[in-house]
Amino acid sequence: MDDRKAPLLEMKNIRKDFFGNQVLEDINFTLGEGKVLGLVGENGAGKSTLMKILFGMDVIRETGGYSGDILLSGEKVSFQTPFEALAAGIGMVHQEFSLIPGFTATENILLNREPKKHSVLSDVFGDRLDTLNRDAMKKKAGDAIEKMGVMIDGSMVISDMPVGHKQFTEIARELSKDQLKLLILDEPTAVLTEHEAGALLDSIRSMAERGISVIFITHRLQEILNVCDQVVVMRDGRVVQDVAARDTNVQEITHWMVGRDVQLSARTFRELPSQETVMSIERLWVDMPGETVRDVTLDVKKGEILGIGGLAGQGKLGIPNGIMGLYEAGGRVTFEGKEIPLNQPRRCLDASLAFVSEDRRGVGLLLDESLEWNVAFPAMQIQNKFLKKYLGGLIKWRDEKAIEEVTKKYIDELQIRCTSSRQKARELSGGNQQKICLAKTFAMEPRFLFVSEPTRGIDVGAKALVLDALKRFNRESGVTIVMISSELEELRQICDRIAIVSGGSIAGILPASASSEQLGELMVSQVK
Amino acid sequence: MNKKKFSLGEFLRGNSVPIMFILICAFCIPISGFSPTYLLNEIITRLGRNAFLILSLLIPIMAGMGLNFGMTLGAMAGEIALILVSDWQIWGIPGVVLAMIISIPFSVALGLLCGKILNMAKGREMVTSYIISYFINGVYQLVVLYMMGPIIPIAHSSIKLPRGYGIRNTVSLLNMRQCLDDLLAIRVSGVKIPVLTLIIIALMCLAIVWFRKTKLGQDMRAVGQDMDVARDAGIQVERTRIISIVISTVLAGFGMIIYLQNMGNLSTYSSHSQIGMFCIAALLVGGASVDKASIGNVFLGVILFHLMFIVAPSAGAKITGDSMIGEYFRVFVSYGVITVALVMYETKKRRAKQSLGRQLEEDQRKGEKA
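So the protein sequences, as listed, match chains A and B. Position one of the first sequence corresponds to residue 1 (this note's numbering), numbered consecutively onward. Position one of the second sequence corresponds to residue 529 (this note's numbering), numbered consecutively onward.
In isolation and in its complexed conformation, chain B is listed as follows:
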């Protein structure tokens, strides 16, 4: 009996973030006044839009590289590929597939660079990758603002800035908008289900499950838990870590393309800027931590995080009369969740460290009684 109570406490402590979000949603849904059909529709759309991107975060976490902003680099690679494809006027599914293929070399190159740098900053991957993402954002702007036109031929004036080079603020992807989602889509009592997108996501999940069973996956788990032991066993630690980042950036590139085809337009200079933050926040809301994340965390996280975004603005507007509160809330909560998760990770580590001391004290007390 005693033991069961203890495990309930552990359960609550271990899942405090998702539980908090469930409570917030439960509070906001009735106030917002949205119909269940509307909410379900929105959730499924956003699940299709975001899940793949968030899945790309799992592999670096498995390799012990923490919550990794390296995915932002993949997102930029995906955007460059989309700009090129839309200039070539290849639309629909072929456009999406071609964009994915073109994004691969960019993602791989950026992933290699990022992995190399992160190997020099072991244990500080999160903040290092965050700063790298800013640095690469500068390179991205250089390419998109100045090199697209004079160096990289851009034919269509609809995406070129009026001055003759550089890309406009928004690139319309209207001709490939939701092409994945609409193919094979079915409607169940007013809720649109993007079957193909969900199949792709399901395949991705299967691929991750399979990957965990491979030798490489096993090596990554070993490296993630103890680099020194892994090295002593002959595993190439640095190489394994780089591979995990490259896989992550390539997947993030695909994820970004899926995300943008759903949105239907590309904000050239800002689409990628917050995507890493929101993905990481969503994953944490789903109950993941710095060193542990599962596919279940991804789905729970997408659902809870976005449910809150849908209902909170409207609930906020109903309570305060200000609709801006929703956007404010979105950013505030993202940073807040990440901070909370980091603090909890540190306390957990410290508690584990202290438990040995407690154990000693207890043994001593027992010895006293006996």
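If we strip away everything but chain A, and leave its shape as in the complex, we get:
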């Protein structure tokens, strides 16, 4: 290769913040023509944001753009829309499929770029009345499939295809674009079987040989080593390593991915408060889109804080959502010796289970109601608290005074920043909204609590307070807590044990004192 020629892609000092929250800092790397670059990092390390910047996604522009330069073949570019990126020769295969279910592979590959035949009517009514040239479509799609090197049936309808073939259809669609120079693959092997993944890796190599550069994002580190020329490791919005793939190994990459400066002193380990099992989950499956749970068996001990960690999309969120009846589930869940019927949220709540959802605006809060209502509503609905009874319980009135008192108590205790207890929940910041979610759950005084992603999208100060409140609630009221989080570090801070979910089931349970390398290895162990 000619070294003086400008590399295909060069990223210089890319920085990006979301409303003051710095997510990318000084990203620098270059990618040569026909090279394969593996991009790895934990969730939230900034990989997706970086790719969104490169691809000109709307969300970047809407949140104030980015700083730094992207050079494509030596020329500075700044894409305003994905269409501009496409025109410049960048193709992207997203994690979610973007295919028309009732169309054949051929139709999808050439969607809106179909070869057409001119007809008389199109002179009058415009070129949308050109008829499609089916033969040319078949040939063009066939070429793209061949270029990919994996055989799929072009005349097969997408909805009849196995998942792997859908993925290949997406890749073929990008390959069918003549101008394609750089292909971004965002976790393409996540949905593939081992055999299919192998075929995909082969096709990545053959694309590279044809001069197409590939950015390959995956959690399967072995694949990176097998197929990439270069590995870029990101952590907390920075590039921490940029090495040739042949000079490294899985252990090293894992270490770079999770290896923060470990501060053991901040945490206090304790013996499990009790060996008694309070909840036992047997053979649980949950059909939560993007977070499928397969065959989870897990015992929760009385009074402990159990952390559930794992990479995004591996099913950790599905566990509480399935047990609490928000998504369809099957299996057996027993709580304090009694079986909890699945798919019936009310029965879970009646059994004194509570759930702080990760979807705080959608599931957690009544956004247009006052804080008082938000705090008191579940307790009022489920446990008849904060009600004054008249005529022997025939008529129930809200006890406004008690509601106000309890809300004020939690506002003080959790340091919720608001103008008054009558402010609307919508007007609070994310961190304070999360505290309201906790307050309303605490007001129900549950015996068992699921907390899902309690610190997602909130600032450091609020994070510490939320974690502290959970810990206190556990210690003082003896409530068993199961906390689901993508951040290993915070799980290690407050949990007694940590279960790691990988590929939809439990990959292992370790004490919180385990090293982050150990946990990290479990996280990628069964990634499917």
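Any given hint could be a false lead.
Claimed, not checked - Some chain A residues near chain B, calculated using beta-carbon distances under 7 Å: (1) 98; (2) 112; (3) 116; (4) 117; (5) 130; (6) 131; (7) 132; (8) 135; (9) 330.
What the hints assert, rightly or not - Short, incomplete list of chain B residues facing chain A, as computed with Cβ under 10 Å: (10) 771; (11) 793; (12) 846; (13) 886; (14) 891; (15) 892.
No lab work stands behind these hints, which were simulated from the structure alone. For glycine and all other residues, C-beta sits at the position ideal for the given N, C-alpha and C.
Please build the complex by placing chain B on the supplied structure of chain A, with the hints as guidance.
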């Protein structure tokens, strides 16, 4: 073997509505006592009368806009054109053709309006278009009752209300009655076949088949199945949806003119009011669903739905002694069929959603055995 049985069950479930109607007809025909010639005559007349109108429903369904009452707007445009043409005393085939041409601007304008509104109510097109049709009915009445006469010149007193403005309840189209049907008509053993009308319908079918092969047709199918994916691929989703509604209203306008020339008179204030309902019901009887309809569904639907209307009153009268039962049945069945189709559509969607969960459970069980 097992697989074949399964597909038979699927077939029955998928076509339960047409099968039900075939059974009802099979039950009623012998009781009604009509001769086969009479029935065939009636069916062919009604096929010619209604098929074009129902065909106008296909394109919005293809674009994912569901069973669309937007066609009622086209029907009103067709009626306004017919009133004008009959006032100008242009009769016969020229009258029909002129009415079709005049209806186009009205249909297009109403279609644009309807399409714009439906773009704001994605996923609720059916009920929204139903309410729009009531709203536009009010505008139509304003035009026909008050503006025709003082603002839009109406010369002939035979169609004007005695008070000097507004249009009478019925406008006679006697001079263009069945002019399309009678031209080139042939009789085969007592059954009159309106060849020209059938040719027009056949051409329309060919046009729809051709349209599906065009770029626009392909875009509409893509938009109909997944708007977001289509948008990501650079297809103008909103524009495509509006075009599909405009095509539908224009075709419905033509369809209404064909329908009324067959009937021979125009009920100014009520012809259009139920036409959408009956067309949609007929299409559903033919085995269509909210998101899928074919030309075959149109013809099967017209035949079964109208066969039932012909035989049911007479069969009902023979059984109960009350001839009103037929009209009651007609309305009852229309609403009933639409309700059933909507419920079936929802259950199908829910079943598809649940199947993933079932799959998980099954995989797990298999894993247990292994």
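| said: Are any of the numbered hints broken by this structure? If so, which, sorted upward? | reply: 4, 8, 11 and 12
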